[in-house]
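**Q** Reassemble the complex: the two chains are provided individually, in unrelated frames, and hints are given to aid placement.
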Amino acid sequence: MLSKKNLWWVLAAAVFALFPLVVTNPLYTTIGVFTVIYMACATSWNMFSGYSGYIALGSAVFYGSGAYTMALLSIHLHMAAGSSQFWLVPVGGLVAMAFAAPIGWIALRVRRHTFVVITIAVFFIFQLAAINFGFTGGTSGLNLPFITWGFQNYNTPFYYVGLILVVFATLLSMAVRRSRFGLQLLAIRDDEDRALGLGVKVSAVKITGFTMSAFTVGMAGALYALFVGQIYPQFVFDPMFDVSIALMTFLGGLGTLTGPLLGALILEASQQYLTVTFSNGSLYLILFGALFLIVIIFMPQGIVVYLRDRVTKRVERERAAVAANDIASPDVALGGAR
Amino acid sequence: MTTLLSASGVSRAFGGLQALSLCNLDVEKGSITGLIGPNGSGKTTLFNVITGYVKPDAGTVTFNGQNITNARPDAVFSLGVGRTFQLTRIFSRISVLENMLIATQHDESWLRGLLRSKSSKTEVDNAMELLDFVGIAKLADLQAGALSYGQRKLLELAYVLVADPDVILLDEPAGGVNLTLINGIAEKIRTLNKAGKTFLIVEHNMEFVMSLCDSVTVMHQGSNLVTGTPAEVRANPLVLDAYLGGGDDGEDDLREAVASA
Ligand SMILES: Nc1ncnc2c1ncn2[C@@H]1O[C@H](COP(=O)(O)OP(=O)(O)OP(=O)(O)O)[C@@H](O)[C@H]1O
Ligand SMILES: [Mg+2]
Numbered sequence: 000m001l002s003k004k005n006l007w008w009v010l011a012a013a014v015f016a017l018f019p020l021v022v023t024n025p026l027y028t029t030i031g032v033f034t035v036i037y038m039a040c041a042t043s044w045n046m047f048s049g050y051s052g053y054i055a056l057g058s059a060v061f062y063g064s065g066a067y068t069m070a071l072l073s074i075h076l077h078m079a080a081g082s083s084q085f086w087l088v089p090v091g092g093l094v095a096m097a098f099a100a101p102i103g104w105i106a107l108r109v110r111r112h113t114f115v116v117i118t119i120a121v122f123f124i125f126q127l128a129a130i131n132f133g134f135t136g137g138t139s140g141l142n143l144p145f146i147t148w149g150f151q152n153y154n155t156p157f158y159y160v161g162l163i164l165v166v167f168a169t170l171l172s173m174a175v176r177r178s179r180f181g182l183q184l185l186a187i188r189d190d191e192d193r194a195l196g197l198g199v200k201v202s203a204v205k206i207t208g209f210t211m212s213a214f215t216v217g218m219a220g221a222l223y224a225l226f227v228g229q230i231y232p233q234f235v236f237d238p239m240f241d242v243s244i245a246l247m248t249f250l251g252g253l254g255t256l257t258g259p260l261l262g263a264l265i266l267e268a269s270q271q272y273l274t275v276t277f278s279n280g281s282l283y284l285i286l287f288g289a290l291f292l293i294v295i296i297f298m299p300q301g302i303v304v305y306l307r308d309r310v311t312k313r314v315e316r317e318r319a320a321v322a323a324n325d326i327a328s329p330d331v332a333l334g335g336a337r
Numbered sequence: 000m001t002t003l004l005s006a007s008g009v010s011r012a013f014g015g016l017q018a019l020s021l022c023n024l025d026v027e028k029g030s031i032t033g034l035i036g037p038n039g040s041g042k043t044t045l046f047n048v049i050t051g052y053v054k055p056d057a058g059t060v061t062f063n064g065q066n067i068t069n070a071r072p073d074a075v076f077s078l079g080v081g082r083t084f085q086l087t088r089i090f091s092r093i094s095v096l097e098n099m100l101i102a103t104q105h106d107e108s109w110l111r112g113l114l115r116s117k118s119s120k121t122e123v124d125n126a127m128e129l130l131d132f133v134g135i136a137k138l139a140d141l142q143a144g145a146l147s148y149g150q151r152k153l154l155e156l157a158y159v160l161v162a163d164p165d166v167i168l169l170d171e172p173a174g175g176v177n178l179t180l181i182n183g184i185a186e187k188i189r190t191l192n193k194a195g196k197t198f199l200i201v202e203h204n205m206e207f208v209m210s211l212c213d214s215v216t217v218m219h220q221g222s223n224l225v226t227g228t229p230a231e232v233r234a235n236p237l238v239l240d241a242y243l244g245g246g247d248d249g250e251d252d253l254r255e256a257v258a259s260a
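Keeping their order, the protein sequence lines are chains Y and P. FYI, in numbering that gives the first Met the number 0 the residues of the first sequence are 0 to 337. FYI, in numbering that gives the first Met the number 0 the residues of the second sequence are 0 to 260.
Next up, chain P with everything else stripped away, as it sits in the complex (with noise of 0.2 Å):
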């Protein structure tokens, strides 16, 4: 196994709120990493700091052995790293179809973009095939601020998808839609892991961590505090004293997940 994506020694501070201090994360090749972590523990942050939307304060990010530290969101994207959003972010007033191209050009040079159409067939072929994949194929001509909140996480995850990136981070993919959906994305990660692709996923579902996730590292107050198969960090005291300290609410999940250990 090799790691694929990696944080080290990674601190950002909000005027005094210490964000994130020294964090270090690994993920490796082909797996599927878990992140989880109290409210406010810093894992959406660690996820802009590696994106490039958060420059740190200290600390490196490496991508393929390549340092990527304060490289731009889409020189990092290009590089083959996607995300998606807690508050799912789609381009609401254009179409579903036309939400899929925008990925495709990230390796074009924005001269190209002047002189060419805004898709070929082989992209709208792709895209479709993925809308496909996640099931929202029959909404593609609509404009995408019409769909439903679970068709939004849906179409965020495939056009992220798009770009055939190496490594996708989600964040909270499963928060806040229904069971069936919760099963349908999982039912998607596995698939595309299968494939050879690379996730890291942060989620207050333990169920969905738990059951998904090859590796989990749970943070705590910035700091990642346990790292470990899912039986281990089950078994970790530690964890559910950071997750009780922190007064969560993920902390019920947690409860059960430990006691059906």
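Here chain Y stands alone, though its shape is the one from the complex (with noise of 0.2 Å):
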């Protein structure tokens, strides 16, 4: 049988699959495709950095690798335009992992806040890279083999890949949250020092987190590169990349599940939504900024946090078990001055 929670994710699921059939507008469909795209990418890095606690602000690195191996593959194996190169997909992911590794391995030497500045000083390395070197193409980027299946369902096969990394991320991210890896990466989270004291090896998890981490980013710069056709240094390098996808867990939840979905599902929606209806690119960013200060402000821990509190009376709960347990047995009267 399934339980209440189950059901739930079903239900999601299945809106999910049927949106393209309902919806069939390319305009509304290509939301779809750049919303489930950031739904990977939050939950992924959620992953990491959720889980771990360490801030990393140059996922866009994993992103852009993603999308030039998909586009240099592409253009040097002379690949015909169309379904074959989803195969490609996977390899954007693993050519992201073959460069988080190594950056993991340096910028994890140093606590959180270092930690965050490293990751920005090797994202803007790489765009410096991608903008410089010859076989990128510089800034007048790389055009991919265009694909010719039909305007009215173009959209339709990289949505459903997107979902299918969406779906991909967030198991994987269940399973890490299960495992005791993610234990150890919310151990880090909590007091890592504290931790390697009790036998946590905290430098190899915290770097094969991160490394994991890159994967999907990896595949969902691919996906993203063959569904827009051409690109460039600024717009797969991007900064706002970051911003965008630290803003969506913040907003969903920090170190959650359905957190990040949720932020993306609605920060990237209405991005998108507002960029098309208003034709105005500048008027999401005064929103955005706007609604993350209130949430900010009001439920610092996000939305799910806020209402799964909320909704299971917590603190109360909480409260109730310490005085209660305190009573129950003397020795663990509460703490007072010596």
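Mixed in with the good hints, there may be bad ones.
Among the chain Y residues that face chain P by a calculated CB cut under 8 Å, a handful are [unchecked claim]: (1) L182; (2) Q183; (3) D189; (4) D190; (5) K200; (6) A203; (7) V204; (8) N324.
With a Cα cut of at most 27 Å, we get these calculated DSS-like pairs of lysine-lysine [said to hold, decoys possible]: (9) P:K196 to P:K137; (10) P:K187 to P:K120; (11) P:K137 to P:K187; (12) P:K28 to P:K54; (13) P:K137 to Y:K4; (14) P:K137 to Y:K3; (15) Y:K312 to P:K137; (16) Y:K3 to P:K120; (17) Y:K4 to P:K120; (18) P:K187 to P:K28; (19) Y:K3 to Y:K312; (20) P:K120 to P:K196; (21) P:K120 to P:K137; (22) Y:K4 to Y:K312; (23) P:K193 to P:K28.
Hints in this document: simulated from the structure, not taken from any laboratory. Quick reminder that beta carbons are idealized off the backbone N, C-alpha and C, glycines included.
**A** What follows is the structure, encoded as structure tokens:
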């Protein structure tokens, strides 16, 4: 039997699976494609940064590596434009991981705040490299072979592949959360030195998590490149990419499973919608900023945690249990002054 | 009696401040050893050196005859040296039970952690048994950050016990908790000691130390000043001088302890 919680997952999956069958206007299915891409990226980002508390702001490096992998391999392997190119999506993910491992090895030698700065620095190195290297096409970018399936249903395959990435990222994140490894990431978030003193191999755990989270982001970048058909360094190595996925995750709930999914759904869909309907590229930034402030002030742990705590009355329950235990066993009476 | 844990000639400076200078300490297997001394005399720093959190400038630390000087905290822990912190450190945003599970993998390779679930049935049973032992089993599913101060102290003691270390270093287990809990904690320590665990305890509460410990070392300005049975330490005039000279808050406790001797 389905539990109530699983029922919600199934319902949500059904809505997403049916979306392009119900909504056929390419304007909206395009929004759908970008939304699933960001849902996958935010979920994958959260699997490391959310669980470990190490906020990475250079994931565009992996997104860009995936995108360039797709473009360069499509061009140099003389691939026929079409669905066979989708096989390059996981290759993009693997290339992203190959970059992530050494970057993680260097960046994770330092603690949180310095780590953020290093990831930003690495990001700019990659952006500059993409602009200046010959094989990347520099600022004029790269054109992928032109896909010729019809305009009307052009978006549908991209949407479904993107949805597969979302499912993959979510299942992986779920598996990590249930594994010993995931528990170690959470322990690192709460008190890294203490975890080390309890035998957790913190360096290996952090580098592994960082590298794993690059996989789906790289795949998403590859899918993006195939979808838009043209890539430019400033768009695939875009600082707004990292700001966006971090904002989405914070909005939904950092370190939760559903938070990044919900955050990306809300922010990416509304951003694309506003851009399309008002054809004003910067309007959404103002709304983003305002929304973000509201959330940070009123529900600093994100929407999901806020709602869950209210529904389960967590604080009240905890207080009662803690107090009851103190009474039940006089051994454990509340600590007072010495 | 054999020496289980020993520090010899350990020195460590922080900038111009000599926190430890040529400090020696032996912990006999099966003992409850006390480590006392005025504030700032270097007790916590010695703990940090032993457990790998701070590197000594000079000296050696041996455990079970093995040189563990400069070993990293995870390695020291895996060998069988567990500790608690003066300011209690728990993992506040995971559950109490999950706190207990973290120490269970100390001898597993990190790769294994990727492939296994966060707990096995035996691990959970063992964790619950220990939580029950310290009296907070009913709180297993709570987020650890919700615990009261005393409960946190008990949780920290319990999750160190999970890995079944040979020696446990406690940094002020009675600090900031009420009398009932202090007695409770002393009782747990006695029980565990009877079952064969060795303890090294830093504590300002003299009654606690004097009633519990087999041997007490007094530290003063980064060195070991006096070592002996509680009665010997009480009777030693150097000890009172150290406390009085240090202008320390443990002074009154010690006076009382000396007076009641
Ligand atoms: N990481 C550090 N950096 C600089 N100074 C330090 C550091 N750790 C300890 N000290 C200094 O070393 C001295 C010894 O400190 P330590 O914490 O070992 O004393 P203690 O005996 O544990 O005192 P207390 O009873 O107050 O806990 C103190 O003067 C302290 O300020
Ligand atoms: Mg101390």
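**Q** If a hint holds in the structure, say so; if it doesn't, say that too.
**A** Outcome of the hint check:
{"no.": "1", "hint": "L182", "result": "holds, 4 Å"}
{"no.": "2", "hint": "Q183", "result": "holds, 6 Å"}
{"no.": "3", "hint": "D189", "result": "holds, 4 Å"}
{"no.": "4", "hint": "D190", "result": "holds, 5 Å"}
{"no.": "5", "hint": "K200", "result": "holds, 4 Å"}
{"no.": "6", "hint": "A203", "result": "holds, 4 Å"}
{"no.": "7", "hint": "V204", "result": "holds, 6 Å"}
{"no.": "8", "hint": "N324", "result": "holds, 5 Å"}
{"no.": "9", "hint": "P:K196 to P:K137", "result": "holds, 26 Å"}
{"no.": "10", "hint": "P:K187 to P:K120", "result": "holds, 25 Å"}
{"no.": "11", "hint": "P:K137 to P:K187", "result": "holds, 18 Å"}
{"no.": "12", "hint": "P:K28 to P:K54", "result": "holds, 24 Å"}
{"no.": "13", "hint": "P:K137 to Y:K4", "result": "holds, 25 Å"}
{"no.": "14", "hint": "P:K137 to Y:K3", "result": "holds, 26 Å"}
{"no.": "15", "hint": "Y:K312 to P:K137", "result": "holds, 18 Å"}
{"no.": "16", "hint": "Y:K3 to P:K120", "result": "holds, 26 Å"}
{"no.": "17", "hint": "Y:K4 to P:K120", "result": "holds, 24 Å"}
{"no.": "18", "hint": "P:K187 to P:K28", "result": "holds, 18 Å"}
{"no.": "19", "hint": "Y:K3 to Y:K312", "result": "holds, 18 Å"}
{"no.": "20", "hint": "P:K120 to P:K196", "result": "holds, 25 Å"}
{"no.": "21", "hint": "P:K120 to P:K137", "result": "holds, 18 Å"}
{"no.": "22", "hint": "Y:K4 to Y:K312", "result": "holds, 18 Å"}
{"no.": "23", "hint": "P:K193 to P:K28", "result": "holds, 12 Å"}
The structure agrees with every numbered hint stated previously.
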